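This is what each chain is made of:
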Amino acid sequence: MSAHPANALPLLERLPVALRDACTSWLPESWRWLANSLLSIVAIFVVFATLFALLTLAERKILGRVQNRPGPNRAPLPFLGIRTYGLAQPLADGIKMLTKEDIVPRGADRVLHFLAPVALLAFSILTFAVIPYGRALLPVELDAAVLYFFAAGAATELAIFMAGWASRNKYSLLAAMRALAQLISYELPLLLSIVPVVLVAGSLSTSEIVEQQGTWLFGVFPQWHVFTPWGFAGFLIFFVAALAESNRSPFDLPEAESELIAGHLTEYSGFKYALFFMAEYFGMCALSGMGVTLFLGGWQAPIPALAFIPSYGWFAAKLLALLFVFMWIRATFPRLRIDQLTRLAWKFLVPLALVNLFTAAFWVLSSGWAGPLAFARWLVAGTLVLGPFLVLGRRLSAGLGPRTYRYA
Amino acid sequence: MSLAFLLIAFLTVATAAVAMALRNLVRSALLLGASWAGVAAFYLWAGAEFLAFAQVLVYVGAISMVVLFAVLLTRPSRDEGAVSPASAGRLLPALIAGGSVLGVLVGAIVGSPLRTAAKPPLAFTVRELGLQLMGPHAASLVVVGALLTVALLGAVVIAAPGRPGDREDPR
Amino acid sequence: MNLSPLHLCLLFSSALFCVGLIGALSRGNSILVLLGVELMLNAGNINLIAFWRFGPAPAEGTGVLFVLFAIAIAAAEAAVGLALVIAVHRHQRNIRLQEANHLRG
Amino acid sequence: MSAAGELAGLSAAPGTTVRAVNDPFHGDLLEVSMGPHHPSTHGVFRMMVTLDGETVVKLKPVFGYLHRNHEKLGENTTYLGSMPYTDRLDYLNSMTNNWAYALAVEKLSGQPVPERAEYLRIILAELTRLLNHTCLAGFLLQDTGCSGTPLMYAFREREHILDLFEALSGSRMMCNYQRFGGCRVDPTPGWLAAAARLVDGYGRFLDEYEALITGNEILMARTQGVGVLQPDLAVNAGATGPMLRACGVDYDLRKVDGYGFYPRFEFRVPLGDHGDTYDRYMIRVLEMRESIRILQQALRDLPAGPIIDAKAKNRGLRPKAGEAYGRIEGPKGEIGFYLISDGGPNPYRYRVRPPSFINLTVLEDMCLGQTVADAVVILGSVDIVLGEVDR
Amino acid sequence: MLGSGLLQGLAVTAKNLAGSFHDPARYVTTEYPEQRTKLPENYRNFPFLVHDDPADPNGTLRCVACQICEKECPPQCIYIVMERDEKGKALRRPKVFDLDISVCISCQICVEVCPFDAIKMDQEYEIATRNRFGGLLLHREDLSKSNAYYHQIHPTEAAGVDAALAEQKAKQAAAKAAKAAPAPKAAATTATPATAATAQDSAISPAPAAPPPASAPDTPANPAPANPPPDA
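Protein chains in written order, with my numbering: chain B, 1 to 408; chain P, 1 to 171; chain Z, 1 to 105; chain H, 1 to 391; chain G, 1 to 232.
Calculated from the structure, these hints are not laboratory results.
Quick caveat: nothing in here was measured; it's all calculated off a predicted structure.
For glycine and all other residues, C-beta sits at the position ideal for the given N, C-alpha and C.
Some hints here could point you the wrong way.
Claimed, not checked - With the C-beta cut set under 8 angstroms, the calculated list includes, among others, these residues of chain B facing chain G: (1) I62; (2) R65; (3) N68; (4) R69; (5) W328; (6) A331; (7) L390; (8) G393; (9) S397.
Unchecked claim - Ranges of calculated distance between the beta carbons of each label pair, as one might list FRET restraints: (10) L12/B <-> A11/G: 35 to 41 angstroms; (11) A49/B <-> A148/G: 56 to 62 angstroms; (12) I96/P <-> G107/B: 36 to 42 angstroms.
Said to hold, decoys possible - Here chain H is said to cover these stretches of chain B; the calculated rule only asks that three of the stretch's residues, wherever they fall, bring their Cβ under 8 angstroms from a Cβ of chain H: (13) 166-175; (14) 254-267; (15) 336-343; (16) 401-407.
With these hints in hand, go ahead and build the complete structure from the sequences.
Structure, rendered in structure tokens:
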């Protein structure tokens with residue numbers, strides 16, 4: 001986590017960095033850099049591994065509650081036998097996963113079969129490096145951080161392909177093909193949806209993008225990107241593409257359990273399966289974190305009066321809120337078909353994202369408009385967002401719609 | 001000369017060589033992905049970080065995907081992407097040609113006194129890159145954009161089935 | 001013999017180039033040929049970066065720009081090439097280059 | 001090019017059959033055995049699917065994994081002894097299976113049924129229809145990839161109906177309730193009140209369920225225009241029930257045969273115009289709303305009286321030699337029992353007309369040209385229960 | 001507009017998510033081993049044999065081993081052997097009454113066909129056992145349960161059965177009294193078991209009414225070997 005020139009920050013804000021510095025202060029200067037980096041990596045890994053454990057539980061709990069059942073609530077604490085509303089469930093799951101037999105099909109490509117989960121997890125973890133978790137908490141300060149994020153994320157689908165192909169299972173192979181098609185389709189809207197942000201911010205650095213969202217209109221309304229017409233549209237496109245990119249419902253086609261058993265996971269068990277599971281949640285967290293950074297003001301507080309809460313607290317709150325939406329959507333929607341999935345990307349999201357780029361450009365050019373012109377600015381931008389959405393939406397859903405039925 | 005460079009260079013060339021020699025097309029493609037990632041690592045080592053990420057995004061993220069897709073679509077049959085190894089009749093001339101080219105190149109490189117600027121690491125930021133692209137190189141940027149568009153449209157037209165729409169299902 | 005970093009970079013790139021060349025010449029599968037060509041392109045890019053990094057005027061950044069354009073063109077080349085492979089496959093059920101010797105479909 | 005074009009072109013025209021597999025242009029088709037262990041085959045059903053990419057070019061249903069020799073068992077037990085076995089045909093709808101069988105035996109032996117029993121039969125049959133269609137809606141949406149939510153809502157309501165069945169017949173699913181000449185247990189006033197409460201509240205559940213999913217664009221995209229069944233093919237194949245009515249063919253045994261006291265009730269038969277998966281889903285939802293109306297009328301008008309004919313003979317029944325076919329409109333279609341008696345204690349021939357088995361015969365025609373994902377949803381919309389298919 | 005149906009669906013799931021915390025009509029889960037739902041009176045699962053005297057569960061079975069249920073049972077899971085004395089005379093009591101509940105389908109037909117109200121449906125559903133074969137094969141001793149238990153699980157039905165039995169007994173007593181006048185010898189023999197029987201309505205008493213009348217003179221031999229099962 002980069003040493004920010006931030007000694008002026010309140011103690012709570014500096015706490016993680018101060019703790020880290022305290023841990024490494026006894027080392028010689030030349031070694032401190034390495035130790036600091038390692039500590040940051042360990043901290044990120046521990047935090048997100050814990051979050052992963054809790055998220056698996058939260059997802060099942062939320063799904064359960066949506067479906068009017070309690071969700072996991074039985075696993076007792078080890079040796080104590082006390083039930084804690086299912087809090088020990090991740091522990092039980094972990095032990096189960098670790099002790100299960102690792103099965104590799106006889107015809108499988110053993111090397112790739114082993115490499116796939118490892119590569120997937122590695123690439124997912126790489127993406128955590130450039131997300132600013134707080135005012136002073138950015139693991140790696142990169143000039144082209146946004147590009148790095150998507151470059152690292154692009155490789156995850158390759159790992160899914162490896163898994164599907166190496167399993168030598170027909171369902172897995174279909175899943176591999178689907179994963180490829182999905183990646184090729186959704187990488188583009190994902191990237192295009194963030195180009196307006198880069199355009200407006202004039203920077204590919206995540207910390208700078210967050211800094212720029214740190215002002216308040218009339219001292220009350222936060223100037224996050226999502227509160228502009230183009231930002232709103234961009235955020236929605238980003239979110240849909242992120243759902244597809246992280247293979248979450250309604251885009252969970254590679255592992256579509258009702259069609260392909262478990263898709264690329266069909267032939268995985270035990271620890272490797274757990275790695276896949278972990279990578280899925282890591283990917284979800286990373287994409288949500290990037291969404292928060294780019295559109296939801298990162299670690300900024302929503303109103304100035306609440307700025308006393310440390311920035312990483314705000315980041316965590318926004319991240320969890322986005323993750324909740326991921327789960328909520330999973331609890332509600334059916335799954336798309338592969339051709340519909342690609343059609344949605346190419347015929348709907350990509351054109352919308354391109355138009356959105358123009359909207360953002362207009363927004364930048366008209367930034368000086370004031371008074372009644374400010375109203376006109378909103379109107380034009382709003383039309384630019386809503387109009388294509390309505391037109392393309394109508395074309396996308398042509399021939400579909402509620403029906404009336406006759407009675408004999 | 002840093003150890004990192006040698007490691008990168010070795011891994012890149014080794015993966016590329018193995019990929020070119022393998023029978024299994026899917027493995028070749030995946031290994032080549034690793035090789036391209038090695039090239040990206042070289043860019044990173046050389047200080048062109050934007051280029052490194054672009055390389056990963058384009059080669060690992062896009063080209064290897066398309067290659068894998070093509071491999072799966074044109075899979076000869078059930079044998080999961082295995083193709084016959086290079087026949088001796090082709091391998092020998094290829095080796096001779098490649099070896100001689102390598103020999104010429106190595107001889108030329110080693111024999112020529114190259115002037116290097118002993119400057120400290122430079123700072124060519126993304127912002128500068130953008131300014132360059134939009135300033136003096138704007139024309140070439142437009143040309144490349146047009147080329148990419150035309151190429152992609154052409155690719156779609158070539159790869160699409162003979163009669164447009166005959167493979168498309170009703171919904 | 002004392003080799004400068006630039007020398008090593010150039011040796012690295014020529015090794016990669018020759019691997020690509022041998023692959024492209026020796027393999028019959030058109031996808032592999034295409035991949036070999038891609039490797040050769042990458043070797044060229046490495047050269048450009050090496051000269052930019054260790055050359056006389058690194059501040060200008062022409063090397064980076066060159067490579068950027070080259071990557072874009074390589075992407076276009078790969079897309080068209082693979083589309084051709086798929087088209088050939090559709091017509092002949094085979095992607096061995098020796099047998100793709102007539103252009104009519 | 002032409003063969004490939006034909007093959008692919010045919011997929012656009014629903015209902016046509018494509019059976020060529022080893023043509024030169026599609027040499028590398030993928031043959032996938034979906035089932036008998038597959039999450040979406042509703043039991044131990046197997047589909048040998050031949051895929052071109054993701055498109056189905058051939059689909060061969062394989063069944064029999066749950067074969068229990070049902071018909072031969074029926075010929076070797078007494079008439080009464082077959083009654084509990086009919087529960088196990090379509091284990092979601094034991095009440096209607098019981099009724100169809102009882103109807104066949106009553107025709108064979110000429111036994112009358114008291115009025116109250118006829119009303120009770122209608123009440124229970126319509127409750128069964130609610131139960132079956134609710135389950136189907138849940139299963140179908142589970143097949144389209146909902147993570148269990150619609151299924152859980154459907155099962156929550158289904159449990160309430162099963163509670164009623166349990167309180168009346170003693171078992172949730174294996175009711176074994178109907179007898180030749182009437183019913184086995186008379187419902188208490190408390191039971192009737194509970195049933196009325198459930199029926200009155202069911203409309204609200206349907207409203208919420210439809211708000212959850214019917215307007216969902218993803219569901220429409222997944223089901224509209226998918227798995228179209230042409231009316232003439234449906235008639236020729238003998239499809240019945242909601243499958244047939246979704247194609248727009250007006251054929252409902254409750255109206256056609258007018259068995260039981262159905263002519264006394266006011267209800268409508270919804271018909272679909274497209275014959276696709278969405279129609280099959282919606283027809284069932286609309287039928288549920290009509291069932292609610294029938295139930296309200298029946299519970300209001302339920303007469304007093306005996307529930308079984310005083311001279312009804314169940315044990316040791318030896319009908320005169322002859323034959324009879326009893327059929328009713330089960331939730332899945334026409335469920336019928338064909339019996340031949342040679343005057344002995346066992347039927348000489350015992351034959352079931354299983355609606356879900358016969359509806360399944362058009363599965364391949366509906367799936368050709370669609371994708372694997374659709375095949376699963378289409379199978380779900382056929383509404384099969386393997387206990388009945390395999391017998 | 002595209003997406004309105006999706007938003008509507010999200011609203012429904014949100015309502016259910018919130019509702020599951022405060023609305024018992026939505027949150028319907030019963031956490032089974034700790035909480036149990038009340039079984040309805042009509043619930044049936046596996047038959048049992050009714051006996052009248054808890055002190056002598058095998059001696060006072062209502063079952064007379066007539067084997068009607070054995071013949072009518074659709075999956076044929078009942079096996080009955082009638083008890084006989086040394087001379088091979090039938091004792092109208094089951095020596096063996098085995099019921100394989102791994103085969104039984106709980107269809108209740110045995111209950112319906114039984115003319116003696118001797119076999120009734122139980123409500124036992126926790127039948128898991130570690131013994132795969134013997135554990136699910138219930139013998140006469142396992143099946144025999146008291147009339148009080150029957151009253152406990154099926155109160156209404158049991159009251160009806162008791163009333164019918166009492167009526168039948170009264171009718172029979174009346175018929176016997178009428179018969180006793182012309183045939184005092186037969187009355188003397190039947191009187192002993194009648195008084196020896198328990199205070200409640202005896203299981204044996206209705207027996208002479210229905211099946212073969214020829215067995216009526218055999219009844220005096222009944223109480224003597226009533227307690228042979230040493231394994232009980």
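*asked:* Tell me if the interface restraint on I62/B is satisfied: Cβ within less than 8 angstroms of some Cβ in chain G.
replied: With a minimum Cβ separation of about 7 angstroms from chain G (threshold 8 angstroms), the hint on I62/B holds.
*So the hint says 36 to 42 angstroms: do the beta-carbon atoms of I96/P and G107/B match that?*
holds (38 angstroms)
*Cβ-Cβ distance between A49/B and A148/G: within 56 to 62 angstroms?*
holds (60 angstroms)
*asked:* Quick check on the hint: W328/B CB to chain G CB, less than 8 angstroms?
replied: holds (7 angstroms)
_L390/B as chain G interface residue, shortest Cβ-Cβ below 8 angstroms_ = Since chain G brings a Cβ to about 7 angstroms from L390/B, closer than 8 angstroms, the hint holds.
*Three residues minimum, CB to CB under 8 angstroms: does the stretch 254-267 of chain B make the cut for coverage by chain H? Let me know.*
Check passed, 6 qualifying residues.
*Check, residue by residue, whether the stretch 401-407 of chain B contains three or more positions whose beta-carbon lies closer than 8 angstroms to a beta-carbon of chain H, and give the verdict.*
holds (count 6)
*asked:* Using the nearest Cβ pair, does R65/B come within less than 8 angstroms of chain G?
replied: Nearest chain G Cβ about 5 angstroms off; hint holds.
*Classify the hint on R69/B as holds or violated, based on whether any CB of chain G lies nearer than 8 angstroms to its CB.*
Holds: closest Cβ of chain G sits about 5 angstroms from R69/B, inside 8 angstroms.
*Cut-off 8 angstroms, beta-carbon criterion: hint that S397/B touches chain G*: holds (5 angstroms)
*Is the hint on N68/B kept, meaning its closest Cβ partner in chain G is under 8 angstroms away?*
holds (5 angstroms)
*Report holds or violated for the interface hint on A331/B, using the least CB-CB distance to chain G and a cut-off of 8 angstroms.*
Check passed: Cβ of A331/B comes within 5 angstroms of chain G, closer than 8 angstroms.
When each numbered hint is compared with the structure, no violation occurs for any of them.
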